[in-house]
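*Asks:* Take the given structure of chain X and dock chains Z, A, W, E and R to it, following the hints.
There are 6 protein chains.
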Amino acid sequence: MNQIIIDEIIKNALIEDMNYGDITTDTLIEENGTSLAVITAKQAGVVVGLSVAGRVFEMLDSDISFQALKSDGDTIQKGEMIAKIKGKTRAILKGERLALNLLQRMSGIATKAREYSELVKGTGTRIADTRKTTPSLRILEKYAVRMGGCHNHRFNLSDAVMIKDNHIEAVGGIAKAIKKVRMTVSHTVKIEVEVQSLEQLEEAIAAKADIIMLDNMDVDTMKKAVEINNGRAVLEASGNITSERIKEISAIGVDIISVGALTHSVKALDISLNIIG
Amino acid sequence: MNQIIIDEIIKNALIEDMNYGDITTDTLIEENGTSLAVITAKQAGVVVGLSVAGRVFEMLDSDISFQALKSDGDTIQKGEMIAKIKGKTRAILKGERLALNLLQRMSGIATKAREYSELVKGTGTRIADTRKTTPSLRILEKYAVRMGGCHNHRFNLSDAVMIKDNHIEAVGGIAKAIKKVRMTVSHTVKIEVEVQSLEQLEEAIAAKADIIMLDNMDVDTMKKAVEINNGRAVLEASGNITSERIKEISAIGVDIISVGALTHSVKALDISLNIIG
Amino acid sequence: MNQIIIDEIIKNALIEDMNYGDITTDTLIEENGTSLAVITAKQAGVVVGLSVAGRVFEMLDSDISFQALKSDGDTIQKGEMIAKIKGKTRAILKGERLALNLLQRMSGIATKAREYSELVKGTGTRIADTRKTTPSLRILEKYAVRMGGCHNHRFNLSDAVMIKDNHIEAVGGIAKAIKKVRMTVSHTVKIEVEVQSLEQLEEAIAAKADIIMLDNMDVDTMKKAVEINNGRAVLEASGNITSERIKEISAIGVDIISVGALTHSVKALDISLNIIG
Amino acid sequence: MNQIIIDEIIKNALIEDMNYGDITTDTLIEENGTSLAVITAKQAGVVVGLSVAGRVFEMLDSDISFQALKSDGDTIQKGEMIAKIKGKTRAILKGERLALNLLQRMSGIATKAREYSELVKGTGTRIADTRKTTPSLRILEKYAVRMGGCHNHRFNLSDAVMIKDNHIEAVGGIAKAIKKVRMTVSHTVKIEVEVQSLEQLEEAIAAKADIIMLDNMDVDTMKKAVEINNGRAVLEASGNITSERIKEISAIGVDIISVGALTHSVKALDISLNIIG
Amino acid sequence: MNQIIIDEIIKNALIEDMNYGDITTDTLIEENGTSLAVITAKQAGVVVGLSVAGRVFEMLDSDISFQALKSDGDTIQKGEMIAKIKGKTRAILKGERLALNLLQRMSGIATKAREYSELVKGTGTRIADTRKTTPSLRILEKYAVRMGGCHNHRFNLSDAVMIKDNHIEAVGGIAKAIKKVRMTVSHTVKIEVEVQSLEQLEEAIAAKADIIMLDNMDVDTMKKAVEINNGRAVLEASGNITSERIKEISAIGVDIISVGALTHSVKALDISLNIIG
Amino acid sequence: MNQIIIDEIIKNALIEDMNYGDITTDTLIEENGTSLAVITAKQAGVVVGLSVAGRVFEMLDSDISFQALKSDGDTIQKGEMIAKIKGKTRAILKGERLALNLLQRMSGIATKAREYSELVKGTGTRIADTRKTTPSLRILEKYAVRMGGCHNHRFNLSDAVMIKDNHIEAVGGIAKAIKKVRMTVSHTVKIEVEVQSLEQLEEAIAAKADIIMLDNMDVDTMKKAVEINNGRAVLEASGNITSERIKEISAIGVDIISVGALTHSVKALDISLNIIG
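Chains as they are written, first to last, in numbering that gives the first Met the number 0: chain X, 0 to 276; chain Z, 0 to 276; chain A, 0 to 276; chain W, 0 to 276; chain E, 0 to 276; chain R, 0 to 276.
One thing to keep in mind: the hints can contain errors.
Claimed, not checked - Straight-line distance between alpha carbons at most 25 Å, and here's what the computed SDA-like set of lysine to any residue pairs gives: (1) A:41 x W:215; (2) X:207 x E:62; (3) E:179 x X:74; (4) X:10 x A:41; (5) X:87 x Z:168; (6) X:175 x Z:168; (7) W:85 x W:63; (8) E:266 x R:148; (9) A:87 x W:63; (10) W:10 x E:62.
As the list claims (entries may be wrong) - Every beta carbon over 10 Å from chain X, so not counted as near; a handful from chain W, in silico: (11) 41; (12) 42; (13) 122; (14) 247.
What the hints contain is simulated information worked out from the structure, not anything from laboratory work. Every residue, glycine too, gets a C-beta built ideally from N, C-alpha and C.
Next up, chain X with everything else stripped away, as it sits in the complex (with noise of 0.2 Å):
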């Protein structure tokens, strides 16, 4: 990841959380005074944004030392400690809420993609995040994604073409769309282009796209895609995927299943942050 730009996603969210301090701790906690607070686990799942939550608390105090006792992506368990927190208290109470907002939030998307990717363990089938992610925090949760085990579509507008209806209707069907991108764009890009019939993803797949997103399909028409794409293209499955499809539809050989649930329907995971000396 880039330090830098988190950073700038800590730095803005401190600001957001206390514009001008923290009235409380500022008024009753001494300068000076020191604390040690442990992060533990209220619920089990996996654990991530370790890092980031220690770089919240050494943005507030440059001498703070948090020790992580798990490293991203880490199974834990209800009650076990994740991490240990030592140096001024009022940094600590002042860094508590953003520090697990964030924690919570990674770890509760990679709880999420560790239960999708144990779906299609053993197949040749990868669960993929989207663009679906909390505007700003895209860079924290698409690792969280890959953390979880699962994998990570294109990150943004500018790193893969994806043509979808709009596009293929603008320029007057799939062959033209993707040959007018091939010389267009660089060489070092990919093009997926969104499908709607099988028709379509025969037009796809003469034209050469790297990859075909079956939009919406049920399960016997991707059956048939899968046979007649015959491993040329990269086949994706979206659209109203839930556990039970998950299982049914890499069973029949899908290389790509996206899950925008990933991301945009998080339940945080409960992470709680004691003072204990």
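*Replies:* Frame of chain X, contents of chains Z, A, W, E and R only:
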């Protein structure tokens, strides 16, 4: 809301989603082509974030026309049209994902908030959010909570005092903490204290705390708390709040029930954008 | 205070004062030359801003040592040494003006605040500042007010309600305005109302305003206001406050006297920096 | 002035004054309600900052109409109307404080500058400001000085050379310092030297300094300095400048008198904003 | 291109070129005076950057009218008029230098790119740029490359994999590196490997690298590489590319020739701006 | 130089080059692996930018050690080692391109500046740069010019007056323009006037312009200009400056020759970075 901050949120998110351009759209869509698009609910709920979504498109093309067909806080049915957008096709396609990401998240929060607010209807109890919001989106999420019919707790560490166990311990008691804070902070600021027991409650009432948070108490203890308090401080229940408990707690006359899940575990409301002409 | 915001203030000011370099110092002073400098009071007063001044030099040279010989809020005599700085001569010369500009302004505010706070000593009345602060330096100026022994009013438009005549007129009366606000804003926020007459005062008290501002009233009217209020709301006197009036008003038992001149018309305290070795 | 920098100043200040919204106005004033407001002088003086004040409101509502009735630098009488504002009531109420804070400070500086400039009328002497300005507002304050009839000294450390005692000592003499600087800096930059004695003055003249600052000299010594210089360098008097001394010093033919108090100790000019319809 | 990023580039550059104002123009040109200016080629070439240049003036005066007489990528002759600008004289004079600096640099790149693209006309070979661009102007420079008829390589370290010798060594071989990367990165990302020998080439082809960079190979070796590859991977020649070598290399069927000099050693195209009325 | 601005340049450029991470390096290189790298000249020239290059790596890993083996402005031979870097391999690989892009550009400018400065050696003439610099890198480019042995012209529109034909025309003559400017701008600012003819020259001298730019004059006219001026104003030759003309012009005693090509058409100096252990 402060539009200047919202514009910064949108600007940062558009840079995140497009670090140098939308390579598909910039290649395939004519620079001056225009379209008409509609935003439609694919699920019933409460819609919030219309002006924010509209602003995304305006920042991409100052000539775009975004017409909201609903107002923030309105109930929407599955299939209902929410807004119309008319303008440059490129701007519509580039802004689509961010506009929906914001709209879906805000509407998801409002939909849950509406549900919770119905549970306390007719009682004098309010449901309030917490600081467990998405880093850098708090202004939008707290707005969604209000539009959904719930209420906000303090915005951040600067605008209200919240004395917790670590603060109490550092100073040597609730009364001392309240006294010290009252001498120091502005007369415009309210003082809230978190209590774990009825003894602490009595101490806090005696010290004239404005708000007292009953932290993780069972319903019977809270009932006694309400009696002891007898209308003096504002009482706030917090910790492990579920739909069932909301009903129970509001029945005994607690003033506020604060619920982190309103914002930390959001299910996005399903909303789509389609170019129709 | 929020150090992240203070660092932004210093960074912006250093760019303002040195858009591409200090052409004199960069030419004439050796890159690695070091010096010892002292900051000295050239006038008696209350010193505030020591850590802020120190931070200016640290941001120019992370190895500099800034040793404060006084604490924020201390009384200083003419000729007293306030701080010692040891480090790169270039950093000392580049930071000198900004450090002094901040220190002199903050100490000027604190000195006046100390003077005003002495006037109300022994009474229950507080002197409070206003939002008439220097744009972008409010965090520092309100801190100086506190260190000088006065108190802060609300920080900004977000953290307390202040209902003024235009608001009252828009809604149709004080009672309506308070009721509407109370239904909407967080339970953690206090509600202040500005009143021009004793009738309005009674309406505000009846509507349970937390704070009532007596706007530009003469002493006799304020005396009656104190009697009518009888300890229910916090009473705040505002408008045309002079030293003489402070004495008078505090004598009649008003809780708060707010004084814009504390920050809008500051006389810098005379402080100098000298390189001594 | 550089409007881009002024817009940044206003943006930062609006965020400072409203971290998430104006909770009173957003609750009580209709979103689309409009008003007419007037800005009026409550004290005679020189008004400066009209376009800056207008810009505050424009940044809150691009449709607002701000009509200045005076020009920057105009003399205003107590009670005179300065500007009319027509537009969204919410924007007027949210921008009022910042617009006045800027206008009052800039007009306060200009009023004092006008006073000083009158003292040297008819002589060849100019009153100049210093770098003792409010951090981050220098562009506005130096503009106010000019509009008040005084002059600017260098803007910052980058745009003119100012050789002070520490620089002289580091290099080993005034002549050496000037020579070294002249060899290094741009031919577009003037060189000023601070001298403490007439010997230093002669050395500086001989070395062809463009400007020589007579630091804290008494009037008799300055008189001799003017004679010795005989029109060769620009002579600048500095240190402990009072109204009386300005008269005296300008009489002896010093070119420039620089006065820190023009900006470091500003008395805000009393100006108010009222909604009248 | 992402206009939000371009606006930031222009804003930063205008602040760089005018830290507090254009002291000549602000003094000598009437605030509301308007002019007509023309931008003219003083040298033949390919013009690029018209909308960027126009945006410079718009950001200084929103009412300015900038009329491009050419389109980006057009060939221009010496003496040809490129654009007309009508609006505030002050804005034209303040923006002139920045607009020309951008236009001349972008046109310089495009002119060279056009020259190179002509060399490969009729072959299947593309000329591509590199990451050797001017820090913070990459978005503009890569656009100029495209408009000149050449192609872009990856935009940055985030949007394509480029396995170099240090990566290969760290993992223990090309095959291992490709395998590890393929397992980890998004399926939307292409994998490029840099090879120094034909053995490495065969290893990379076997491991199904998408693109293989032939690093500093002589023409004979490259010829063999093309034969061995037989259309499987995209082959890219890199290192010491001159006009003569481009001819030779494209003749043997390499797909891509990447040329750092397209952006790292730019000769500005001579373009001038004149006020004509 | 102002390190705060340089840090902003580097930060923005690192975000440009790595919007969410270096996907190759983050995948293949161990997080804590360290390496030793050397920076080597592949071409003879003048090296400049060592501390800037070092800062790139420090911002990616605060523990990295960057040891410059040369000083800014030193002549380097082909094959000479310039710097050693020891630290995290990931940081070295991520910073490599940006560090080289800056170093190569700055050294390219310095190398050309050295060449030009040699042409005027022994004469009293200086070669100066212009404002034709790369937008946002002016601080670095003007520094490289100085290190190469040439001189800077004004930094920007704020720090010196430059009266051009449009200004003259607007006011009605050179004398009027100079007079108006002198009355308005700071006494610390020099006034330069651009003249097209010897008549204008005489007018400018009579009006006591500090610097007079001889715009696009032939050598004979410039010779006469030197005679007419007779040492009164600083004379600057500008327009169509080539190596041959520099020799000629410096011979006739013009003080300054300004050369846009020093910065607008830079050939990067070839410098490489290699990990050696």
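*Asks:* Would the pair residue 175 of chain X and residue 168 of chain Z pass a check requiring their Cα atoms to be no farther apart than 25 Å?
*Replies:* Between residue 175 of chain X and residue 168 of chain Z the Cα gap is close to 71 Å, so the pair fails against 25 Å, i.e. violated.
*Asks:* Assess, step by step, whether the Cα of residue 10 of chain X is no farther than 25 Å from the Cα of residue 41 of chain A, and give holds or violated.
*Replies:* 38 Å, violated
*Asks:* Is residue 41 of chain W truly not at the interface, in the sense that its beta carbon sits beyond 10 Å from all beta carbons of chain X?
*Replies:* Answer for residue 41 of chain W: holds, closest chain X Cβ roughly 30 Å.
*Asks:* Is residue 42 of chain W truly not at the interface, in the sense that its beta carbon sits beyond 10 Å from all beta carbons of chain X?
*Replies:* 31 Å, holds
*Asks:* Please verify that the nearest CB of chain X lies beyond 10 Å from residue 122 of chain W's CB.
*Replies:* 47 Å, holds
*Asks:* Within a Cα-Cα threshold of 25 Å, do residue 87 of chain A and residue 63 of chain W meet the stated pairing?
*Replies:* 51 Å, violated
*Asks:* Is the Cα-Cα distance between residue 87 of chain X and residue 168 of chain Z 25 Å or less?
*Replies:* Since the Cα atoms of residue 87 of chain X and residue 168 of chain Z sit roughly 16 Å apart, the hinted pair holds (cutoff 25 Å).
*Asks:* Has the given pair, residue 207 of chain X with residue 62 of chain E, been kept, meaning a C-alpha gap of at most 25 Å?
*Replies:* 48 Å, violated
*Asks:* Is residue 179 of chain E close enough to residue 74 of chain X, meaning Cα to Cα at most 25 Å?
*Replies:* 23 Å, holds
*Asks:* Need the status of pair residue 266 of chain E, residue 148 of chain R: alpha-carbon distance at most 25 Å?
*Replies:* Roughly 22 Å separates the two Cα atoms, so the pair holds.
*Asks:* Sort out whether residue 215 of chain W lies within 25 Å of residue 41 of chain A, counting only the CA atoms.
*Replies:* 15 Å, holds
*Asks:* Are all beta-carbon distances from residue 247 of chain W to chain X longer than 10 Å?
*Replies:* Check passes; 46 Å lies beyond 10 Å.
Hints 2, 4, 6 and 9 from the list above are not met by this structure, while the remaining hints are.
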